[in-house]
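Student: In case you want the letters, here they are:
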Amino acid sequence: MSLNRQQRERFTATHIAYKYNLLHYLPGIEQSQLSGLYLKSFYNGTKRNRLHLPEHLTNGTKFCEKCGVVHIAGLNLNMAIVDVMASDDESVHNQVLEYKCLLCGKVKQFDIGNSKRIESQQGPREGFVAKWPSGQKTSHDAAEVNGSQVKKLASGKERAKKRKMNTLANMLSRKKDEEANKKSASLNLEDFLLKR
Amino acid sequence: MSSLKQLQQKSARRKQVYRPILDNPYTDEAHSWPRVQDPAVVAELTRTHVTEVLRHAPDALEAHCGFNAVVAYLQRAAAPPAGAPVFLFVCNRDPVPGVVLAQIPVLARVARCEVVLVPLPRGFIAHLDGCGGGRGAGGHQGLLLVVQNGGFDPHFAEQLRQRVGHATRSPWLEFVAARVGVVPSEVGVGRKASS
Numbered sequence: 126m127s128l129n130r131q132q133r134e135r136f137t138a139t140h141i142a143y144k145y146n147l148l149h150y151l152p153g154i155e156q157s158q159l160s161g162l163y164l165k166s167f168y169n170g171t172k173r174n175r176l177h178l179p180e181h182l183t184n185g186t187k188f189c190e191k192c193g194v195v196h197i198a199g200l201n202l203n204m205a206i207v208d209v210m211a212s213d214d215e216s217v218h219n220q221v222l223e224y225k226c227l228l229c230g231k232v233k234q235f236d237i238g239n240s241k242r243i244e245s246q247q248g249p250r251e252g253f254v255a256k257w258p259s260g261q262k263t264s265h266d267a268a269e270v271n272g273s274q275v276k277k278l279a280s281g282k283e284r285a286k287k288r289k290m291n292t293l294a295n296m297l298s299r300k301k302d303e304e305a306n307k308k309s310a311s312l313n314l315e316d317f318l319l320k321r
Numbered sequence: 045m046s047s048l049k050q051l052q053q054k055s056a057r058r059k060q061v062y063r064p065i066l067d068n069p070y071t072d073e074a075h076s077w078p079r080v081q082d083p084a085v086v087a088e089l090t091r092t093h094v095t096e097v098l099r100h101a102p103d104a105l106e107a108h109c110g111f112n113a114v115v116a117y118l119q120r121a122a123a124p125p126a127g128a129p130v131f132l133f134v135c136n137r138d139p140v141p142g143v144v145l146a147q148i149p150v151l152a153r154v155a156r157c158e159v160v161l162v163p164l165p166r167g168f169i170a171h172l173d174g175c176g177g178g179r180g181a182g183g184h185q186g187l188l189l190v191v192q193n194g195g196f197d198p199h200f201a202e203q204l205r206q207r208v209g210h211a212t213r214s215p216w217l218e219f220v221a222a223r224v225g226v227v228p229s230e231v232g233v234g235r236k237a238s239s
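Protein chains in written order, with our numbering: chain B, 126 to 321; chain H, 45 to 239.
Check before you lean on any hint, since a few could be wrong.
Using 30 Å as the maximum straight-line C-alpha spacing, the simulated DSS-like pairs for lysine-lysine come out as follows [what the hints assert, rightly or not]:
#1 Lys233(B) <-> Lys286(B)
#2 Lys144(B) <-> Lys54(H)
#3 Lys144(B) <-> Lys49(H)
#4 Lys300(B) <-> Lys282(B)
#5 Lys191(B) <-> Lys59(H)
#6 Lys289(B) <-> Lys301(B)
#7 Lys144(B) <-> Lys172(B)
#8 Lys233(B) <-> Lys165(B)
#9 Lys172(B) <-> Lys49(H)
#10 Lys233(B) <-> Lys59(H)
#11 Lys300(B) <-> Lys54(H)
#12 Lys233(B) <-> Lys191(B)
#13 Lys300(B) <-> Lys286(B)
#14 Lys225(B) <-> Lys144(B)
#15 Lys165(B) <-> Lys59(H)
#16 Lys172(B) <-> Lys59(H)
#17 Lys49(H) <-> Lys165(B)
#18 Lys165(B) <-> Lys191(B)
#19 Lys144(B) <-> Lys191(B)
#20 Lys300(B) <-> Lys287(B)
#21 Lys59(H) <-> Lys282(B)
What the hints contain is simulated information worked out from the structure, not anything from laboratory work.
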């Protein structure tokens, strides 16, 4: 039996949705020990149909990576945001979200991108943090580093803005503004005093 | 041999994420957050009745701010006669990491007390900064839970309930109703042979 494209898509949709729903059905009937099997079957189905799942279905947010159970907070999942010391710098604390599966005990950490420094440190650290957009170093960068002041490089947008500000028309208007300011300044008391 | 255009089409097709899986009516993840009528009015009411009040008088309302406090409260909340209804304000349109908010709608449905989820419009997260009891900006992850007890204005609660649609029921989270009879057999295997 051969299916046309529309029929094939409909078949895929029902097939995948069925497997996906089965996974969600398991905690309700307290048969979570089967979920690993069902999750594997669901992933195999998506692979066979060459589907790309949304990221939260595959990165361990929705399903436990070890036992495959659907995470339901408070029922089979404990979650908390904890501070974790960064491995390279002990003064920087990274905030991570920790998921602990209550069924198999698997602990999964998600980096949520908040890092904070310990308050007790004296003054800002004069360290050099390498944040090159590409691997190559230009002499300009090197000069900046040598000056012991690591400035953040102006982004392309800012440079473009600067360029735009330096056009002839802009310079003329700026000069005009300055002159206008001077005129208005002549109303100051000091200016009156100087004239007399 | 394939042209560049064909290759591009191929890669675009490969990157396409399969969304219909989220729209299926059983799990219904596309509608996990309730709809809000007049989001601007809800935001203004929340600002005047909750965040401003908490900023000036932190003890006026029973409030829990931040991810850990909210999760801990919801997990140990009691069933309705003892546990008062709560309002959970969430800044889900602000740049809060998705993984932090992923379980919040699930938790709100599973919690034993009545939870009214109130998604707030974009940019509201700045108003929560002063409510965290001395914590710095961003320490609250866009989450604020307020318990509706004596100090809470009942008129405001009514207004909120009218404007925030009830969270859709998820059949897979209603454990008692969804349970089918999986009972262990009482008849031993060996007994039949002996009788």
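Student: Can you give the numbers of the hints that this structure goes against, from lowest to highest?
Tutor: 1, 3, 11 and 17
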